[in-house]
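Construct the entire structure; sequences and hints are all you get.
Count along the sequence shown from 1, add 216, and you get the number used in this note's numbering.
None of these hints come from the bench; they were simulated from the model. Among the hints, a few may not be true.
[Stated by the list, open to error] Once the Cα atoms are required to be at most 20 angstroms apart in a straight line, the calculated DMTMM-like pairs of lysine to aspartate or glutamate come out as:
no.: 1; residue 1: K371; residue 2: E397
no.: 2; residue 1: K371; residue 2: D399
no.: 3; residue 1: K371; residue 2: E710
no.: 4; residue 1: K371; residue 2: D403
no.: 5; residue 1: K371; residue 2: D335
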Amino acid sequence: MASTRSPYDPRTVPVPPRPAPPGAGAVGAGAAGAGATRVWPPVPGPLTGAPIALLRHPAEPSRFALALVALAVAAAVAVFVLVSLGQATVLLAIVLGIAGAVLLIWVLVQIWRIRLLGDAVLVSERTLPEVQAVVDVVRGRLSYSRRVDLFVVDKISRVLSADDAPISLTTYFGVHVLVAEGDALGDPGDPDEREQLLFTLATYVGALKARYGQWWSPIFTAFQMTGLTVFVAPFVLPYHRATVFSGDRIAYACCGDLEVSLQAVYRALVGTTVAPHLRADGLTAQALQARRRPLLRFAQLLRPTPHATSRYLELLSFVRLWTPAAFAAHRPPLAGADPEAERVLTALARRRAHPAVVLVGIALAGAALVGGLVLGAVFRDSAVARGIVEAVEAGEDGGGEGTGGGAPVPTEEELLLALLPPDLRAGCAAGGADPAAGLVASIECPLGGNRPDGLTLFAFESAPAMGDAFEAFVGDLPAGDCAIGNARNTWVLEGVTQGPLGCYESSAGDTTILWGSAANAVLALAQDATWSPSVMYRWWTTDAPTLR
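Written out as structure tokens, the structure reads:
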């Protein structure tokens, strides 16, 4: 069959496909079995066909220029110091080192993505066809051809930090990975939740399109490779926040339904169960209140993503400007909001991007770099350059003193002891030799009183070594609940799985409980000759150290 070209301009949000007639080709495979068809219902897109450039947040170009100039100034200072002090070879070594570090990080991200194949479900037509169908629709409507892997897990803390959002995006030099909790995706078989999922995924893909679809993206990436972003983060992060706003706008154009879009926003704020009960007037009033708080606006400076309430206001202002009819239908729920709402939304909608701000930013960045090079060449062995080096070295020395300075490095036994509360440390001593593989150190603590007879802590080289030692202790102990009897399981603290847990009677007849910390690669073992398993477990749940 001859290939055909799509009629739309790739710089626009394409027209949503018309529903196929009964019996036509399906979008992905469904649960109905072979031959089943799925027709994606049409979504009325009021901005369908709008150029992507018009959907971008108006502050995005100016914030890009600010970020680029800040990075260029930091790089110019480094160039001035190195050239002035005759360290041109060091400059070259730094450039090569940065390139090597970038390559190493890229490889590590690839390894992490491969590791996800063992810990999460990669969305595809064979694993989660209905979710894959939503991904395909988003990519098609946004004409986004770059690779984006979507992995689904039960809890985000299993593969990322517990502080990460239920849907998190990791992106690094062309590697884009979305990790989502299953509950955050909703039920893709439900039409309403499927459309909300479409908006949610489109916010991430839209942000990627805003950030990496510009002609200036390679320039910004090259400056980020210097590693100087950390020094000028307050000037760089506003650009990342602006691309998030752009992603929300593009997602609304992709979805085309304000109520569906807002329900997706509500779900991201309060979860699937509570979202239908969230009142728009109260949320708008809270968003306005947060906007008036200088402390909250200051706290946002060090965040790559804006506050959720800020995203809500920005989306409403965009809808008010571009689809007034949709906003008019949504206005009644806002009747009880702060009277300031109309004024703020109007002010947000009136902002416009200056057409020349990007070119001005690039010119200033280039001038800064050239200026740093010229000044370094003119002012050889400059006192200013030496002062900058001394200030940096003094800061590093101060940081060393703040963390102990010339104090002796603590031993492994001392580090183990620090994991115990002060009232359990008395009488603890280094443990004897143990043949366990990977064992670094151990301490033994006699307890007594209303505590077990003794507590032993073992430190290992790594979490896998700790896991192997745990298996050696528990043997073929069955999986189950320690509250009931001899069993093995895992233990959770503050919603995060910490490590393995086992309860059993030792060969000497002692009631034993064994628990580990994967984060610290430490095992703790408590034993008592007279306690019953229920008493031991009650002590563990109330008074045992959490190894943090």
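- Taking the numbered hints from earlier one at a time, note which ones the structure violates and give those numbers from smallest to largest. none
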